[in-house]
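A.B. asks: Assemble the whole structure, with the sequences as input and the hints as a guide.
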Amino acid sequence: MARIRQDRLYRQNSHRWPQGRAGKKDSRYVRRGVLVKTVTKAVIPAAGLGTRFLPITKSMPKEMIPVVHKPVIHYVVEEAYLSGIKDILIITGKGKRAIEDYFDLDKNASGNEMIHSLDEILGRINIYYTRQKGVRGLGDAIGHAEAFAGGDPFAVLLGDTITIPPCTMALGSIYEKHGKSVIAVEKVPRDMIQNYGIVATSDDTRKDAFVIDDLIEKPVPEHAPSDLAILGSYLLTPEIFDCLREVTPDRKGEIQLTDALRILARKETVLGHVFNGRRLDIGNKIDWLKANIELALADPELGPHVEEFIRRLCP
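Numbering (our numbering) for the sequence shown: 1 to 315.
Calculated from the structure, these hints are not laboratory results. There may be inaccurate statements among the hints.
Per label pair, the in silico range of CB-to-CB distance [to be verified]:
| hint | residue 1 | residue 2 | range |
| --- | --- | --- | --- |
| 1 | G253 | S59 | 22 to 28 Å |
| 2 | D191 | A298 | 25 to 31 Å |
| 3 | D242 | E222 | 39 to 45 Å |
The beta carbon of each residue, even a glycine, is placed where N, CA and C say it ideally should be.
C.D. replies: Structure (C-alpha cells):
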C-alpha cells in the first residue's frame, strides 16, 4: 500500500497541513466515557478512467461531466461542505487536471452567481490533491489518504455520486454518537444484487445505525445475505489503513475497499445506515441522463420548460 508523504500533497486556499489529534484546532468531546472527534475531513476518489463515457472522457474527467448547471464533482464538494467538512482531499490521476482548475478561485467571473457561490465555499474549506499512480481499486485510492487523515476519522464521497439530502451529514451524526465507522447502504432489487457490495447483519436495520456482521463483494442473488447494497458513502476511522495493508489484490490486481471493511468488521464494530434519500449515480450514460432530467425538473428556472418539453415528446 503506497503511502503519501505530506510534502507530496498540495492544496489551495491554505498554507498549513490540516491539524490532527495533536493540533490546536482539534475538535473532540467525550460521549459516554469515549473520546469522540468531530469529523472535518473528507476524501473524494476521482482517479477512475470513465470508460463508460468514452469518447467524452478522452479529454474530460468523468467527474467534470455536467449535470444541469454544474459538474458532478461540484455537487460532491457541496455535500461535503454542507456536512461540516473543512478539509477535502481529492485523489486524481492521469487526465484529471481540469478538476484542479475548476476549484481555483475565479476573480474574473465575480458577476456570475454560481461562481460567486462556489468561491464562497472555497473560501471556507481547504482542498488538497494527490495522484493515484494507476487505477488499482478504490481501496488503493483510500490508502493514499493516510497522511492526510493524520489519525482522524474521515468521510469518503465518490466523485460521481450525488445524494439528496446529503448522506455524509447523516453519517457524521451517527459517528459522533457512536465513534465507529459507518457505511451507507440502500435496498436494491434482487436482480441487481450482483452489481454491488452487500452487507450481512443480524441487527435491526430499522434502527438509525445497525451493526454489520460481514460484507460480500458482488454476490450472486441466491447467495446474498441481504438486499442492502453499499451506497458509496462512508465515514471511516483511521484503523481502516491497517486493514487495507492486509488486503490481497483481486484478480485484476486491485485493492478493494470492501475487503478492507470486511477485515475491519472482524476487529471492531462497523455500523450500517439505511439511506432513504435519493442517490444519483453518474457512473453510466443512462443514469447520467436520468439525473439531468430529475434535477432539471426540480430547478425553479428550468423545471417548467423541461416539463413542457417532455409533455410534447410524450403526448
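A.B. asks: Determine for every hint whether it applies to the structure shown.
C.D. replies: Checked hints:
1. G253 x S59: 22 to 28 Å: Check passed, 27 Å falls within 22 to 28 Å.
2. D191 x A298: 25 to 31 Å: holds, 29 Å
3. D242 x E222: 39 to 45 Å: violated, 34 Å
The earlier numbered hint that this structure contradicts is number 3, and it is the only one.
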